[in-house]
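Since chain A is already given, all that's left is putting chain B on it; use the hints.
Given next are the chains, with one letter for each unit.
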Amino acid sequence: MLSFIGRSVIQKLVTLFLVSIVSFLIIHIAPGEPSQVNPLNPKFTPEIVERFRKAFHLDKPLHVQYFYFYKDLLTGKTTSWKDNQSVLKKIWERFLNSLPLFIVGTLITWTISFPIGIRAAIARGGIYDRSTTFLAYLLISIPGFFFAYILIIFVVTRFHVPVIGMETFGLREATTIHMIMDRIWHLLLPSVLGATGGVAILSRYVRSQMLEVESQDYVRTAKAKGLPPEQVHYKHALRNALLPFVTMFGLILPGLIGGSVIIESIFSWPGMGRMAYEAILARDYPVILTVNFISAVLVLAGTFLSDLLYLMVDPRIRL
Amino acid sequence: MQGVLDKSILLSVQELTVNFRAEAIVARALEGVSYEVRQGETVCLVGESGCGKTVSALAILGLIPQPPGEIPGGRILFMGQNILELSEEELQNLRGNHIAMVFQEPMTSLNPVFTVGEQIGEAITAHQKVEGDELRERCIRLLKDVGIPSPAERLKDYPHQLSGGQRQRVMIAMALACSPQLVIADEPTTALDVTIQKQILDLFKTLKSKKGMSLLYITHDLNVVANIADRVYVMYAGIITEQGKKRDIFQNPCHPYTRGLIASLPARSKRGEALHSIPGTVPDPAYKPRGCPFHPRCTYAVKKCSEEFPEMLDCGDGHLSRCPVVLSSERKTNTIRTHEGPHYSDL
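Residue numbers (my numbering), protein chains in the order written: chain A, 1 to 319; chain B, 1 to 347.
Chain A on its own, in the form it takes in the complex:
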């Protein structure tokens, strides 16, 4: 067990190192560097560009730049080239904004998908199964932004659900309870919308997994024992059908930092996704690379977590 953890941590560190190199190179291969973002701006005289390049070590060879960047990152001193703020502080603020969206969206996705998929599999071919199949494919096929605008037009005009930002302007004076309610109210539409696509896909996946397990011999054995259908489906079949989702559960961790660019842009949500997107447009390398690095860490941590979870839920896997 300990040797597995040790081995796996070392492997992941090596991977992380390679990821850091590759992502650094990719950013630098991309055309345009920060000093050239806006050549028409009269403030960007050749001297200033030169000074800028010097200040951010852009005139040094790549491996030196690499070293400077990761030294700063590991000591926590990285600053954004755009506004000179600490990158980690910036990310932390945006992360706190994205977190509720992520949590509520994930909760909705996972709690709704499973009952839908399981029921569709058990009542295979029935009206319920066919209508959820139709709905799921409908939701998968509609582009997210298009669906968002339909929803905005419909919901906002009818129920006056807020669609801009995280909170109402000028609500500083309100009581705590009002502030919380306001936040939740603002969270409603973006998180529901963010979850719809997830529900459509995940419930399909749950259904097919469940169908596969239902045709296994041990489910027939469970029936032959005279167990009631609830125990056959929800104990014997479901327990096995859930195994692959443990892996998926570890992989939602990177979603913490990725955020959703589309949803956050549509709803003017000041979250991670939007920040990363804006940083890319501004060639703000420290921000891009830091976000990249953190999400790499989260992906690796997620796979590690799902390995451990698998170990716990599947007795056949032993180290």
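The reader is advised that the hints may include incorrect statements.
Stretches of chain A that chain B covers, calculated by requiring three or more beta carbons in the stretch to come under 8 Å of a beta carbon on chain B [what the hints assert, rightly or not]:
hint : region
1    : 6-16
2    : 221-230
3    : 236-249
Hints in this document: simulated from the structure, not taken from any laboratory.
The C-beta atom is built at its ideal place from N, Cα and C for all residues, glycine as well.
Positioned in the frame of chain A, the structure of chain B alone reads:
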């Protein structure tokens, strides 16, 4: 019906027909199959793969998925009660409690994520209110009955930690959990080594005599039949072709199919000779030949065989066969010749 009146008859399958439907194609898995299992008796259903043995067993437990399966005709009387008319709850009470089943593949038939103890315990608690230490005790006793060493420790094991033979013993222990009157064993030794096969067969014999249950044993292996059966039903392409006591079937087979099966067995007396084989393959249940389903492969076939579906004919003493050709040709000489195949005692 005489089946209802005769108290010694535990299970009576009467004219059972099962179809499987896929789009416009109907696969006729069983066509009017009838057989009986009496109290304390071991009955073997023999036939090649795909002849409908397993389907008939699943039908007894009400485990045929509908759709695609459908049961347009027949009755399955268990202790005088028609299983096909039972509600889902009544079936649940029947399964495992009065009729239990041992499946072919012990590895895939045990749930990989639950321990042996949980799976056996569940077979008991599905029908009886037993808890805690008492439940544990009963699980241990069951494992001991089926000959698993250090049963208390095995309870905590998962199926993948056991050997193939032990897994099948666990399956048998699960089947015996509620002391059912009838155990259906569907090729329980097919997936096992020959040495383990023998052990499992012996286990079935001891358990049967100890618990006084009836056994419906499904197999394609005539050696197993010779070893364990009291009476034998030979199945081919969804029908029973011949039935009788083990002695009659082996010493005096009256159906060409049974003769072919017996002749293709290796035996001491046939050392050095090439083994007999029946030409052709089992017909697809969706496209069975007209008349006798065996006639395309039959060496005795005459013109009538491809036109008329043969009736079950009496060969005397409960020995029935569905081949009028063999019976009429051999009755003329007034003796049904003794078949020259191996005697079942030297199998």
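For each hint, the structure was consulted:
With a cut-off of 8 Å between beta carbons, the region 6-16 of chain A has 0 residues touching chain B; three or more are needed, and the interface restraint is violated. Beta-carbon proximity to chain B at under 8 Å applies to 9 residues in the region 221-230 of chain A; the threshold of 3 is reached and the given coverage holds. Interface restraint, the region 236-249 of chain A with chain B: holds (4 residues with C-beta to C-beta distance below 8 Å; minimum three).
Comparing the model with each numbered hint stated earlier shows that hint 1 is the single one that does not hold.
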